[in-house]
Structures are given as C-alpha cells and as structure tokens.
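Listed below, chain by chain, are the residues.
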Amino acid sequence: MRVALVDGGGTNIGSVSYALERLGATSRLTADPGDILAADRVILPGVGAAGAGMRRLRELGLVDVLHQVQAPLLGVCLGMQLLFERSAEDGGVETLGLVPGEVRGIPPRPGVRVPHMGWNSLVDLVEDPLLTGIEEGDRAYFVHSYAAPSGAHTLAATEHGGRWSAVVRSGLRWGAQFHPERSSALGARFLRNFLHEVER
Amino acid sequence: MTLARRIIPCLDVREGRVVKGTRFRDHRDMGDIVELAQRYAASGADELVFYDITASPEGRGVDVAWVERVARSIDIPFCVAGGIRSVGTARAVLHAGADKVSVNTPATQRPELVGELAEAFGVQCVVVGVDSLRDEDGHWRIRQLTGSPDATRALEVTTLDWVRRVVDLGAGEVVLNCMGSDGVRDGYDLEQLAAVREVCPVPLVASGGAGAPQHFVDVFREADVDGALAATVFHDGSIPIPALKQTLAQAGVEVRLEASPTTPTREAS
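So the protein sequences, as listed, match chains A and B. Positions in the first sequence are counted from 1; adding 13 to them yields our numbering. Positions in the second sequence are counted from 1; adding 83 to them yields our numbering.
Read the hints as simulated data drawn from the structure, not as lab findings. Model, not experiment: these values are computed from the prediction. The C-beta atom is built at its ideal place from N, Cα and C for all residues, glycine as well. Treat the hints with caution; some may be incorrect.
Taking beta-carbon pairs under 8 Å as the criterion, some of the chain A residues facing chain B (in silico) [unchecked claim]:
#, residue
1, 20
2, 28
3, 32
4, 60
5, 62
6, 64
7, 83
8, 126
9, 154
10, 158
11, 200
Here are some, though not all, of the chain B residues that point toward chain A, as calculated from beta-carbon distances under 10 Å [unchecked claim]:
#, residue
12, 86
13, 89
14, 93
15, 154
16, 160
17, 177
18, 180
19, 277
20, 305
21, 309
Could you build the full structure based on these sequences and the hints that come with them?
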C-alpha cells in the first residue's frame, strides 16, 4: 500500500510517519503531485496556523491536486481544519472546501482553557469504518485553539465549552481534529482503520 | 465526560540517558530513555516531559537524536525542556518529533522569544516553565538559572505579572514550579497555584511537592490545574500511575483510565 504524507510543512509530520511505522506501514513524505495522486491513501498532517498552511499548499501547487485525489484522504489536526471551506484563524482564511463547514475559534471562558489541550472523550459516534472498534467515551489527545462546530458531517464530537467535531467525513475525505499519532491505542486503531477498513 | 486532568512524569536527560540526582551532581543512571518512556506510556502517563539537563547550563542545544528515538517509540505526547533558546533549536526539536517545547530561563532573559516561538509554530507548541518562590515581603517572584544553585537569580517581576505577560506573548501552557515545595514531598503549593490559576487562561501544570496520591487529588480539586507533574514519586515507584488514576477517579477527578499496550501492534500492510 502506498501512503502519501503531504508535506505541508507541519511539525507533526515525523510523528505521523512514526505512528504508521509502528503499524508496519511505510509512508512517503511528498509534495509531488504524481506521488500524491498515485497513492492508495493520502494523509494531510499539520500543526500550525491556517493562513501559513494554506499559503504553503498554494505555493506548492497542491490545492488542485488535493481536489483531484480519488483515494481515501485523511486530514489531521490543522490538516482536518484545512479540509473545510473557511477558517476564522489569521483574520479569516479560505481553505480547501473539501468538507462543507467552517472553523472558528474556541471561545475561552472560566473553566474552558484555550488551547484545548489533553485527552478528551469522543462522543455522539456515528457508525463508520474509520471508527471500527472505537467506543463512545474513548479518549483521544487534542491540542488546538480553533475547531469546527459539530454538524452534519461529524462522525464523532468532543465537548469543550461547546460541541466540536473530533472526526468528520465527506465522501472519501475524512478528518481528525485529535492527534491519532499521539493518542495511544485508540490512535493506532484509528490509523489502522484508515489503512485497512475504509475502501476506495 | 470531558477533558481529563493530566498526569505528567518528568525525566531528566543527560547525553541521551535518563538520570536521577540532585541537579548537576551525583547523577545516577536510571536507564535507557526509550525503555523508560515506553514504560511510562504503558502505565498510563498522559504526557511526558524530558528535561535536558546538559543542554541548558552548558549553553548547548538539545541533541535531537534522542528526541527522534523517543518520538518513534511512544504514542503519547511529549515535551522537551532545557536548552531551547531560539526558533532554530525549537524547530529542530519539533521536527525530530517532540509535540511541545518548554522555555524557562531564556524567556526571562529575552521575553520576545515566547512570541517568536508562538508565531513560528503556534501557541499549542509553546510551554513556558516558571520557577517561583515566595519572598519575605509575601510576593511570589520568579527565579532564573535555577539549574545551578550558585547561578540562580531572583528577578523583580512577580510571578502573577510574569504569567500574565507570557500568556499575552503566546504561551500555550504554563508549568509552574513552586520552588518552596519542590523536593519536600509535602504536597503542591495550593495557595500559589490557585492564585496563578486566576490569571492564567491557558492550561496550567503544577510542579513541585508531590509526595502522596492525595496531593494530586488536592491540586486538581483546590487549585483547578489541568495537569500535575512529578518526578521522584514516579521514578522510585512509590506512586504507581495506574493506582494514582484510580484514586483520582474515585475522588471524582476526571482522568484517562485506559493505558496503552506495552508493545506496539505490528501487522503487514
């Protein structure tokens, strides 16, 4: 299986490829359109801000390429946020538009710390091959200040001063707001599902 | 169900090995960094902090080889502290696979560093460590260069003002090390942590003073911190993490109870 890790410049790229390694899968870190379009699975990782993330994808000419991907695509953390139509980060950024919806800032208030950092529960799970073996209430590791409100495309939500999308899907595009590469056994299961349970 | 409070073991690293001892002297080798990191991950630690004790005082950067070895072998988040003085060193550490970097003395010497790191990597990667001690006038003030007792200096700025400032500059998390209770194993400094909590809208991690499971219950309940860091009680086995998590859960503190498997699953792709 060819797994393409899109090199969008995020700092978690190493961690994602190590997590795949632990599952016995090898991935190729690439910004090459041919590599990305030939892959059986495409992962868009990312840590950082939406503005810089989109700028980099544009500079690399990858915006159209990501629209052309026919294989299952998974965005992780910022990578998931970029799948939506718009983000409120950096004064408002137009993003990839592969999943309907918008990303906004998590409003801080007493008891609701921002960034949302740590192990939170996945709730309101919808049946999906990507969530095989993952149960309501299982915890995943989150770290982010922006988020997509839970909506029609949400497969799992999490609660932090509101209900936010933890996992989303639109067609063969999935996104995880949490970090599967740092989410222990749950994260390994989630990535294994992405490799083996979702169909082309 | 909501966000879990985090239990965070802190490991001192010297030349890629985990060591124990009074900082900078009488170091005892505790073992291979990867083995210890995996053991903690399997026991249910929510996150790890590695404090590079050679990097900071000797003015050296962090040796990223061990950071990469840790990143490959564990599946929980970890933070690297010590020796990070610039965006360049931070980038090398983050690219090697660390999830966060923590700055302490360099931030006191050049506060703009905090903003530069936040700008380059996002606030979620930037932790500011604060060493704090109560002065005779009753105010808590920060200390710098606490790694070596002879070099440690007290600064003018109060701890509460400093925490407000670093959060404004872009700290995504604050680790407050209460030096008055550090090493005494008599409990966290609840009064100070609660006061800092009031001015700290980002996650706050308590450090210094853990000696018994009840100390963790108290610090989460009474100071409302997001995480509790400790070293000795975890390293010497006097507080096993699974038992600690059970105690916390029974006391009504939200914790993550499932532990990760000891050996990573391997299968053909």
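| request: Would you list, in rising numerical order, the hints stated earlier that this structure does not obey? | output: Going through the list in order, the structure violates hints 1, 6, 7, 14, 19 and 20 and respects the others.
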